[in-house]
Structure formats: C-alpha cells, structure tokens
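As given, the protein sequences belong to chains E and U, one line each in that order.
Counting in the numbering used here, the first sequence tops out at residue 462, every number present.
Counting in the numbering used here, the second sequence tops out at residue 280, every number present.
Because the hints were derived from the structure by calculation, they are not lab data.
These figures come from a predicted structure and were not determined experimentally.
Heads up, a few of these hints could be off.
Which chain U residues stay away from chain E? Per the calculated CB distances, all over 12 Å, these [said to hold, decoys possible]:
hint, residue
1, Leu-7
2, Phe-21
3, Leu-29
4, Arg-36
5, Val-59
6, Leu-72
7, Pro-101
8, Met-114
9, Thr-115
10, Ala-127
11, Ala-138
12, Val-161
13, Leu-192
14, Thr-198
15, Ala-211
Simulated pairs of lysine-lysine, BS3-like, Cα-Cα distance not exceeding 27 Å [said to hold, decoys possible]:
hint, chain 1, residue 1, chain 2, residue 2
16, E, Lys-229, E, Lys-317
17, E, Lys-438, U, Lys-221
18, E, Lys-377, E, Lys-317
19, U, Lys-89, E, Lys-438
20, E, Lys-205, E, Lys-271
21, U, Lys-165, U, Lys-181
22, E, Lys-271, U, Lys-221
23, U, Lys-181, E, Lys-123
24, E, Lys-229, E, Lys-271
25, E, Lys-317, E, Lys-271
26, E, Lys-229, E, Lys-377
27, E, Lys-123, U, Lys-89
28, E, Lys-346, E, Lys-331
29, U, Lys-221, E, Lys-66
30, U, Lys-165, E, Lys-438
31, E, Lys-155, E, Lys-134
32, U, Lys-31, U, Lys-170
33, E, Lys-377, E, Lys-331
34, U, Lys-31, U, Lys-89
35, E, Lys-134, E, Lys-158
36, E, Lys-346, E, Lys-288
Beta carbons are placed, not taken as given, at the ideal position from N, Cα and C, and that holds for glycine.
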Amino acid sequence: MVQPQEEREDVSGAKQGLVDQLWDIFSSMKLGLFLLLLIAAASIIGTLLPQNGDPRQYGSLYPLYKALGLTDMYHSTWFMLLLFVLAMNLFICTFNRAPGIWRLFNRPSLPASVESIERLSQKLAVDRPEPADKLAGEVVERWRNLGYRVLSERKDGKSYISADRGRFGLWGSLLSHVGMLVILVGAVIGLYGGEEGQMPAEVGKSFRLADVPGLAITDAMEIRVNDFKTIYREDGTIADWFSNLTLLENGQEIVTKEIQVNDPLEYRGYKIYQSFYGANIVAKVTSKNDPEGHTYSVETGDAVPIAGTDLAVLVYKYIPDFDPERGMISKSSEPNNPRIVFVVYKGRQQIDARAAEIGKPETIAGGLAEITFPQYKPYTGLTIRRDPGVNIVWLGCALLLSGLGLSFYLYHRQVRAVIEAREGGSRLHVGAMAAKNKFAFAREFEGLIEPYSRSDRRDREA
Amino acid sequence: MGMEENLLFYTTFAAYGLAAFLYICFLVLRKPALARIGYYVTAAGVIVNTAALAVRSVVAGYVPLTNGYEFLLAFSWGIAFVYLFAERKFQLPLAGAFVMPTAWLLLAYVAVDMTPAERAARPLMPALQSNWLTIHVATAMISYGAFAFSFGIGLMYLWKVSHEKSGATKGIAAAFPASEKLDEIGYRLIALGFPFLTLCIITGAIWAEYAWGRYWSWDPKETWSLITWLIYAAYLHARFTYGWRGRRAAWMAIIGFIAVLFTYFGVNYFLAGLHSYGGK
C-alpha cells in the first residue's frame, strides 16, 4: 500500500493478452480499494440481518435471503469469493512490488541530473564558496552524522550524492500485506481442517474423544472428569468454573490439568475448553391421585407437572452449601449442605418455595403431593476444538503488526544532491522527498541543508 | 458507586466541559490566554480522570475496563490524553474546540443516561477475567483517542476549505492552519491510531481464542471493529495511491469515527452478541 503513485502501469502500450489484462486488473489498487469497501459494506448487512437465525425471524423474505446467502453470510460462497479475490489482489500486489522495494532498499540510485533533483518536493540550489570536492566531502560527512546512509560518486567533474534514512520502513507495507495473506491462509486452513465438538460430562465419568459429536478422531484418546466445581463469590455471583481433567491415551494417563474459563487444556493440537455446565437431576413426584409417582430427569430451570392437579414444580437452583441465613447465596463453593431450591406453582401463581435436601421427600401443597430429588449429578460442559490454522493466524498477526509498525513509525526519506564546480567555488543542488510525514520531514530537511542554505555565509558574518 | 468515585467523575466531567467551553471561546474570541487556560484545565481533567480510573481499579479489584461506564471513562481519558500531546506537537490549540467537546459528550452520556446501578463496579464474569482484556481495551483507548482527534481535524478541514472557497479573509476559520497542514495532521493521527486499532483487534482475537476457543466468530462487535478497520485501511490506501487528500480524506476521517462510535454504542443498542455485557 503505502508507496506513493507506484501503481503498476503498463507503459509499453503494446496490446496485451487476456492473461496480462487479468493480471493488471488483479494487481490494481483500484480493485483492492473497491474490495475493501465492498467487504465493509457486506459486513454491515451481515450485522443488520440476523445470522443463522430461525426462519421465522426473517419473515416472508426468508427464501430470498436464503437464496442470496444472507442468512449465513460470512460463510456464503459469494463472501468467500470476495475474500478470495482480495487475497489474490494482495498476493499479486505484493509480488509486483517486491523487486522495486528491494532495489530501493538495497541499491538506491544516484541522481541522474540536476533536473531530476529540481522535480523533487523539497529543494535548494545555492552557490557556495568552497571548492566542489571539499563541499561534497562535507555534505557526505554531515549527512552520515545525521544518521543517513550516504552514497556518492564523481563523474564528469560533478559529485552525485544520494542519501536515505529509515529504509527498513520501506518493507512495512509489504510485510503487513504478507501478514494479511498469512492470516487469510490460516483462517481457510482452520475453516476446512478444523473441527469442534461439545460434550457434557459428569464427574467421575470418562468419554472417548472419538465419541464426541463433531469430532473425527480415530486415536484412542479419552478424557476423565475428576472434578467439577462452580466457585461462588461472597455475594453469590459466579467467579469461575473449574474442571479437573485427565487425558488418557490407550489407557495411559498423559496429563492432568484443572481447566477454567480462559485457560484450556492443550494437547496435540486439541484444546479442551470449559464452556458450559449443568446438572442431571432426578425428580420423583407422588400425589394423592398418583401414589406410584412419576420420575423425571430434569435440569435446573425445568418444570415438573404434578399429575391430576394444576400444580407444577419448577426446579430453580442448586446451592452447594446451603445456609438459611444466606438464603439463595451459597455459603461456600463446597457441597457441604447441598440443596435444590424449587418453586411450587398453582396455575401461574407461585405458592411455595423450598430448599430440598438430596434424597429427602418434601411435602408440598398441604400434603397434596410429595417431591424427592434422589439424585443430583453436576456435569461440566466441555468444548473440544482443533484448529490447525490458529498458529498461522498468529504468525500473520505478528507480521501484520510489525509491518504496520515499520510503515507508520519508521518512514523512508531520500535526499539527493549534485555538486558542480563553479568559478570561485561550487554550485550545490539538493532535493529531497518523503512519502509520509511531509511536515516533519520539511523541518528535518532544514537541518540537513542548514550550513549551506545561504549562498554566502562568510559575507554575512563579516 | 462510592462518593469519592462520584466526585471524581463529576470533576472530570466538569473539567472537560470547562475546557471545551474555553476552547470554543478561544475559537471565537481568539484570546491566547483562553486556550492556555483550556490546556491546563484539560491537563487537570486528565489527572482527575486518571484518579477516577485508579480509584475504580482499587474498588473493583481489576483493571477498570469492563462495563460501559468504565470504558467511557477510559475512552474520554484516551481522547483528552492524546489531545494534550498532539496539541503541543502540532501547535494547534484551535483543535481543542473540536476535540474536547467529544470527550465531554461521552461523559455527558454517562451523566444523563446511566443509572448508578449501571455505573457501579460489578464482579467480573468468568470470561472477562483475562489479562488480554487490559491490553485489548488500552489499545482501543489510544486508537479511539487518535481517531476522535482526526475527526475533529476533519471538521476543521471542511470548515477551512469552505471558508477559503468563499474568499473570506476574516472569520473563525481564517485562524486555522493552512488546509494542507490540517490534512497532514489528520493523516498523522490516523497513522497513529490504525496500528493501535489493529493491535486492539488482534488482542481481542487472542483473548477470544482462550475464552471461547474461537479467535473470530463474526459477532456484531467484532464485525464492526473490522468494518472500522476496513474504512481506515481504505483511507490509507486511497491516500497513498490515489493521493486522496483534502475533502475526501476529511470525509473518510469523519465516517471512520462515526464507525468507531457505532462500534461502541450502536452495536450495544441495536445488535446483540458476545459483547453485550460491554454495554450500559
């Protein structure tokens, strides 16, 4: 990007083949700019229309949206195609520009003529009393001391000087484009080569990774859940979830780790995340009309009907360390006095709320029914992911950032001079340019030419 | 929210308001003393703003960048802080009249629209307990601060050129620096903000990878930060390749900052997603 007016132009003017034309279209910055704005516009649509939503959300236009790929836009063929064309454009631009940057970086050219200097944005032409050779030596010396890389040559009685600074900044834009490409490559690898599955797992149980829906693993890898805990704060809010996991391979224990949110277990490209949680609860209800009773398997938040009545029991919350004084806030994170809080509804009206001990029957609605929670088994919800592209994406990010750093915090500036011998001294032509930071560079340029900027200092001092 | 916190918040709010007022007076009356006082009031505001953030981090026990109130306090800090340095660097006190009102308006939004409950420090949900969060939001502050400034410069630029066009030699815009200089300053600010925005998006991605196992999930906030990034990327490309300067560049700086504001406010109001806790 950040080179001025270096758009590749076919100067030959000869007629081009189709390949050349395509190459030119693909390598043009116009296309790149157009794509950037097009992708931005498309992304806006993607945030306004719900993605992967229920068909009913979209109303009668659903079939149209669906056909246009707008319901899962970021994975639609046309969006992928846009990204692909952008990647091609980036690739060709980068490829086209590299040799030019390399030349500028490696072998800066000496000024060809006085006229070429006069075309630069900053310039000075001045007569000096020093002889040409002496002045050239001084100029070279001064610029070197100011941190410039200086090249000089004598030809046909003239001295040609070329100096530059911040030349590593030249690589900035190239590097950041390579970084973007690497990110896109990593994303594609992740998209097609990655996998993800989710598994609720009870404490004490193990499961084979191969049995997790969504994962295509053939290795004999197994996860055992040693422990799962919800950690509460003093005020009853949830501080964190911990799962103590052991990973086994062919029955051998490989690694044991306590994972938590923001800290997954990593092994051979697989990452195991703490991602959700829940509990398998058994609720047994008996009532006068139903002395045999019914057994339900529920989770917190579920409601259980009481047969033959308009009563229902809502399983509200599990409290690991119940203390009547603290009510709904668990005293600690340890299951010292586990209770299940349930709410009794009559119709839509809440008529009772109680904290039941596990396995102990609770009589409700004045003896009309009885509820027991014989079993409470918490489970940890694990997400297992493998994304072979993720490290490539990080590498791309690092390249992108270093590229931007070079581009914006280190800028390339060039100064060129021709010194001709004149009667009684010499004539100095200096010109300079910088693609960025023009105002800052204008001040720097003043410093570079400061001793020479007046045609006859000695006169003035006298 | 404690009394000290409240006091610090309203002092910051008052300081930025006063600074904005002084700079606007300076714009109209052109008395250098006004700008000088405005500068010191801004500096005092930044100090109090810093104290407000520090008190919050002590009260809450975490880096105070997790809810809408905290982030707005940090956002206004970013704008005022970047402003203090850039004003000196570019010798452009007139810009205060365009930049400081933005910082003040953000805090006005807090004062008018946020209930004490929304401002209170709350314990962090597990996913937010990450060091990446700190870098993620700190980089956002700097880039947003720089973009807010470039937005102000964009407005100044447009005013300046329409003034130049009209041929008037007097009036407020006559005191503005030359339009090319404004254009260049606007660019420099975007060049400062863009790498920080990139870093902000990348640290967000790293954090998401640790928290949810997915560095990018096209959540509306993520998508909007990408849209913002694309707009500024387009600005930089257009500038260097097509020499898009002046009016078009100024408009892009304005549109870019509107995208920044939408990423911050609009997404929370209009679109749901993973970042909804970042709202009010």
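Q) Taking C-beta pairs only, is Ala-127 of chain U more than 12 Å away from all of chain E? A) violated, 5 Å
(Q) Would the hint linking Lys-317 of chain E and Lys-271 of chain E be met if the CA-CA limit is 27 Å? (A) violated, 30 Å
Q | chain E versus Arg-36 of chain U - minimum CB to CB distance exceeding 12 Å, so not interface | A | The assertion about Arg-36 of chain U holds, with a minimum of 24 Å to chain E.
Q | Least C-beta distance from Leu-29 of chain U to chain E larger than 12 Å | A | holds, 28 Å
Q: May I ask you to check that Val-59 of chain U keeps its beta-carbon over 12 Å from the closest beta-carbon of chain E?
A: Since the minimum Cβ distance to chain E is about 14 Å, Val-59 of chain U lies beyond 12 Å and the statement holds.
Q.
So if I understand the rule, the pair passes when the alpha-carbon distance is 27 Å or less; does Lys-205 of chain E with Lys-271 of chain E pass?
A. Since the Cα atoms of Lys-205 of chain E and Lys-271 of chain E sit roughly 19 Å apart, the hinted pair holds (cutoff 27 Å).
Q.
Lys-31 of chain U and Lys-89 of chain U were given as a pair; does the straight-line alpha-carbon distance stay at or below 27 Å?
A. Since the Cα atoms of Lys-31 of chain U and Lys-89 of chain U sit roughly 20 Å apart, the hinted pair holds (cutoff 27 Å).
(Q) For a C-alpha distance cap of 27 Å, please report whether Lys-229 of chain E and Lys-271 of chain E respect it. (A) holds, 20 Å
Q | Satisfaction of hint between Lys-221 of chain U and Lys-438 of chain E, Cα-Cα up to 27 Å | A | violated, 35 Å
Q | Given hint Lys-288 of chain E paired with Lys-346 of chain E - CA-CA distance at most 27 Å | A | holds, 16 Å
Q. Given the hint that Lys-165 of chain U pairs with Lys-181 of chain U, does the C-alpha gap stay at or below 27 Å?
A. holds, 17 Å
Q.
Please verify whether Lys-377 of chain E and Lys-317 of chain E have alpha carbons no more than 27 Å apart.
A. holds, 13 Å
Going down the numbered hints, you'll see the structure goes against 10, 13, 14, 15, 17, 25, 28, while the others check out.
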